[in-house]
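Enquirer: So the sequences go chain by chain: A and B.
First residue of the first sequence: 1, per our numbering; consecutive thereafter.
First residue of the second sequence: 1, per our numbering; consecutive thereafter.
Honestly, the hints are just simulated from the structure, not real lab data.
Ideal Cβ placement from N, Cα and C applies to all residues, glycine included.
Please note that the accuracy of each hint is not assured.
Once the Cα atoms are required to be at most 30 Å apart in a straight line, the calculated DSS-like pairs of lysine-lysine come out as [to be verified]:
#	chain 1	residue 1	chain 2	residue 2
1	B	K331	A	K334
2	A	K331	A	K167
3	A	K334	B	K167
4	B	K331	B	K167
5	A	K167	A	K334
6	B	K334	A	K167
7	B	K167	B	K334
Interface residues of chain A toward chain B, partial, derived using beta-carbon atoms under 7 Å [as the list claims (entries may be wrong)]:
#	residue
8	N115
9	V132
10	R134
11	G137
12	I194
13	G204
14	V353
15	R451
The residues making up each chain are set out below.
2 protein chains.
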Amino acid sequence: MWYRRAVSTSIALPTGLADELAAIVGPDGIVTAAASLAVYECDGYTLERAIPRVVVLPRTTGEVARVLAAAHRAGVPFVPRGAGTGLSGGCLAAPAPLVVCTSRMRSIRAVDVANRRVVAEAGVVNAEVSRVVRAAGLQYAPDPSSQNACTIGGNVAENSGGPHTLKYGVTTNHVLAVELVLPDGEVVTLGDGIDDGLGYDLTGVVCGAEGTMGVVTAATLRLVPLPEAVTTMLAVFATVAEATATVSAIIAAGIIPAALEMMDRTIVAAVEAAFHFGFPTDAGAVLIIEIDGDTAGLDGTATRIETICSTHGASRVRRAADEAERAALWKSRKRAFGAVGRLAPSYCTQDGVVPRTRLPEILARIEAASARHRLRIGNVFHAGDGNIHPIVLYDERDPDESARALAAGREILVACLELGGSVTGEHGIGVEKMTELGLAFGPEDLALMRRVRAVFDPDGRANPGKIFPTPGVCVEQRAPRRQAAL
Amino acid sequence: MWYRRAVSTSIALPTGLADELAAIVGPDGIVTAAASLAVYECDGYTLERAIPRVVVLPRTTGEVARVLAAAHRAGVPFVPRGAGTGLSGGCLAAPAPLVVCTSRMRSIRAVDVANRRVVAEAGVVNAEVSRVVRAAGLQYAPDPSSQNACTIGGNVAENSGGPHTLKYGVTTNHVLAVELVLPDGEVVTLGDGIDDGLGYDLTGVVCGAEGTMGVVTAATLRLVPLPEAVTTMLAVFATVAEATATVSAIIAAGIIPAALEMMDRTIVAAVEAAFHFGFPTDAGAVLIIEIDGDTAGLDGTATRIETICSTHGASRVRRAADEAERAALWKSRKRAFGAVGRLAPSYCTQDGVVPRTRLPEILARIEAASARHRLRIGNVFHAGDGNIHPIVLYDERDPDESARALAAGREILVACLELGGSVTGEHGIGVEKMTELGLAFGPEDLALMRRVRAVFDPDGRANPGKIFPTPGVCVEQRAPRRQAAL
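Build out the structure end to end from the sequences listed, making use of the hints.
Expert: Structure, rendered in C-alpha cells:
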C-alpha cells in the first residue's frame, strides 16, 4: 500500500550461474526456492522490498572469493548481507539479484588478549565478541541496539554506532584491519592490524561503504578494557527542553559519560507498556546516563551529574541499584524501537545528527513537523552525540498519512542540515537516504566518492543502487567543485 | 658524504611560471633566490636533500587554489610543506620543483566551544590550538614532540602521533573535516565536521596521505576536555627488560595511562647532560608514566602503578611534585631527539611498531643489531603503543659506519614486520620508507592504494616520488592479489 518504491525487481540471472554457485557452496549453502527467498526481501527498512533470485551462504573466505569470481565472469551484480538488521535498505536485493550472506562465517579466528585485539569473521554476532573476551577483562565497545543479532560484517559495512559511541567511538574507530573480497573475487587485506596505520587508510574507507566495495569476510577488531565500575542513572524531566539543556550542561562540565540517551513521553509510554520497567509515564522526557571508569572517581562524578540534573529541573534522579536494574534499563532502551510497534500500525525511524548544542532547536522543528503533518513523532536518541532518532508513527494503509510521514521525515533531515548536522548518524544511506545524500554533498563531492568506489569496484557490481542516486560505475566528468565553506 | 640518495634534483620550471605564481601570491609570498631556497632543501630527515626551484607561501585557500591551477596548466608537480619538521622526507622538493608552503595560513577560523571543535588553517602551530581553547577547559589531544613548531597541515599530512596517542589516538581520530585543494586547483571539503561521518570516509584517506592528494588548507579538529587532574611519574629500572615488563603489566592491569614513555640509558644520559632534570644516569631505563582523569580516582591509580613498578624491579618511583616538575619532565622527553645530537656527529631515528607484548623481543633484536654493526643505538619511545624509536648513532663522514647504520636500521624494521608490527608508527613513509613499504604490502595492495591516489591526483603531480617506490599515476594493471592472512 506504500506509494513510494513499493517493490523493486532484481534483474534476471544468466542460465547456469545458480548451478555454478551451488557447486561452490554446496546444496545447503544456496537458496533458490521462492518461499525461502522471501526471507531476504528486505532488512529493517521495510518500505522497499525485493526478492532476490538467489542467496548464497558461504562458509569460508575461499568460497566467497569463488562466488564473486563466478559473478564477475557472468557480469552479475551482488549484494553483501549480514544479519539483515540494517535500517536503511543497504542489503536490498535490487537491482542486484545475487545475495552473498556471510552469516555462516562465524569463526573467531584469533583472540590476542595481550595486544587487545580479536580477528572475527563477518558472521560473528556483535555481542559474541564481547562475551568471548569478557573473562579477560576486555570488551568490544561498539554496541548497536541490535547487538544480539547483528554481525561484524554488517557493522563494518554500516560503520555502526550505539549508545556507547559517545565515549568509545563508532565501528571504524575499532577496526584495525579488514579482509575484503573484491568484486572480481580477489582477496585483499587492508590495514595491518595494529593501531598505527601504514599507507593510506583504506580500512576506514571500507568501513561504512555499505558493501559497495566488495564483501568484508573478516575484521581485526580492537578491544578495550572493561571499566572497573559502571553507574547508570535515570533522570526524569517534565519537558524535553529541560532534558536537552541537561545534556549540554553535563558535557559542558567536562564529563564524558559512557552513554547519554534520551527518550520522550511517547517512547517512555511505549517502553513502559512493553517492559514494565517502572518508568514514570507522565514524564515529558527521561535521560539514561551511564558513566564508567575507576571505582574511586565514579561516585563523585555521579553526584555532580545528579546536581546538574536537579539544577536543570529534573524531578527525580535515581541510580540503578544493581546489575539487574541496570540491565533492565538498557533492555528498555535498546528495545525501544520494537516497543513502538504497539503505538501505530507502521513507523519510520529517522536518523539524523545535529551539533549537540542544536538539540533544542531540532526538537522544536520535529514538534513543528509533527503538528503540521498531524502525525505523532516519538523521540529516542543518543543525546550526547546529537544523533537523533525521531520515530514517525503512521498507518501505511492510508496513502495520505504515508505521504505526510515521508514529508515529515524529509523536513526533519533538511532541518538537520540547516542546523549544521548530517542526514545520517549511524544507519547508513542504503536506498533510504540516496536523495538526501545529494542535499549534503554537491555533485563534485559525489563524483569524487564514486571514483573512489570505482577503484574497488570498477564494474559497479558491488551493491549497485545504494548510496548514490544513480547506480553504476565511476563518473569521469569533472564538474566544477563547490567552493568549500568549512 | 652519505653514499645513498645524496642529493636529489628538482625538475626545471617552465618559463613564465614563477612570474605567474608571483602575481598570485605577491612579491613577499614567493622565494626564488638560491640562498633562501636552501632553507627548504630538507625536513627533519636530512639524509636526502633537494633545493626547490621555487617556494610559494600563500595566505589564503584562494591563493593555494590559483597556485595549483597554474601548476596544473603548466603540468608542473608540487610538494606541500608545513613547518618542515617531518621525519621521513615527505616534503623533499624532488622531483617536484614547486613547494607550496602553508605556514602563513595561520587563522583559526572558528572556535566552537559548545560543540568542541575548532577550524584551523593549515599553518596554525599544533600547540597554539590547545592554547586558544585552554581557558574553555579544552585541548587538542595529538601532541607530537615538535608541537611548538609543527603545523596542523603537516600533522594531517603525516597523521602525526605523540606521547598522548596511547589514550587519545592519533591525528586522524581528531580530524572531523578537511578543506583540500586538489591538484587541479579545485577546492573540496571532505567530512561534515561532526563525529558521525556521512558517505565514504575520505577525510581518513587524506589524513596520512603525505600530500599525495593535494594541499590541505584547513581542518575541523575535535577538542577534548582537559582532564580534571594529571599525575606524572618517573620510574627507574636497572634494565630495559624490567621496564618493558612493567609496561605490559600496567596495560594488563586495565590501566590506560595518558602516556607511557621509555628512555634507555643512552638517551637518559644525553637528556640529563642537556637539561639537568635530575635523571639517574646509572639507570638502565626510565619510564615516564602519566595518568589523567577525575581527581578522585587518580591517587588510587597512581598507587597501583607504583606497586606494579616496584613488583617489576623499579628501584625508585617518584611523582612529579608540581606543574613545574611535570613540565620539566616532559620537556626532557620531548627534546630527547635534540639532546642526542651531543652523542655523535650524526644520528638516524627509526620509527617502527610492534604489538606491545613483543617489546622485549624487538629490544633484544635492536641490541643484537647494535652489537653486530658496532654502533650505539639509543631507545626512546612510546612504550604503551609499541611504537619504537631506536636512534642509531654514527658519523656520516665515515662511509663504512654510515653503511652499517643504514643496515642496522633496515634490520630493525624487518624485525618489526617479523614480530607482527609495522615499519612506521607516526613518522610517515616519505622518501625514507618507500622501499620498506614494499615489505609490508604486496604489489597488488600497493596498486589499490595507487588507484585511490589517482582519484585525487590523476596526473600524479601531488608530491610525486613519495610513499610509492615509483612515482606517477595510477597503475591500471591488475596483478593477482595475495591471499589475505589476517
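Enquirer: The structure should be examined with respect to each hint, and the outcome stated for every one.
Expert: Hint check results:
no.	hint	verdict
1	B:K331 <-> A:K334	violated (47 Å)
2	A:K331 <-> A:K167	holds (20 Å)
3	A:K334 <-> B:K167	holds (29 Å)
4	B:K331 <-> B:K167	holds (20 Å)
5	A:K167 <-> A:K334	holds (17 Å)
6	B:K334 <-> A:K167	holds (29 Å)
7	B:K167 <-> B:K334	holds (17 Å)
8	N115	holds (4 Å)
9	V132	violated (17 Å)
10	R134	violated (13 Å)
11	G137	holds (6 Å)
12	I194	holds (6 Å)
13	G204	holds (4 Å)
14	V353	holds (5 Å)
15	R451	holds (4 Å)
Consistency with the previously given hints fails for numbers 1, 9, 10, ordered from lowest to highest.
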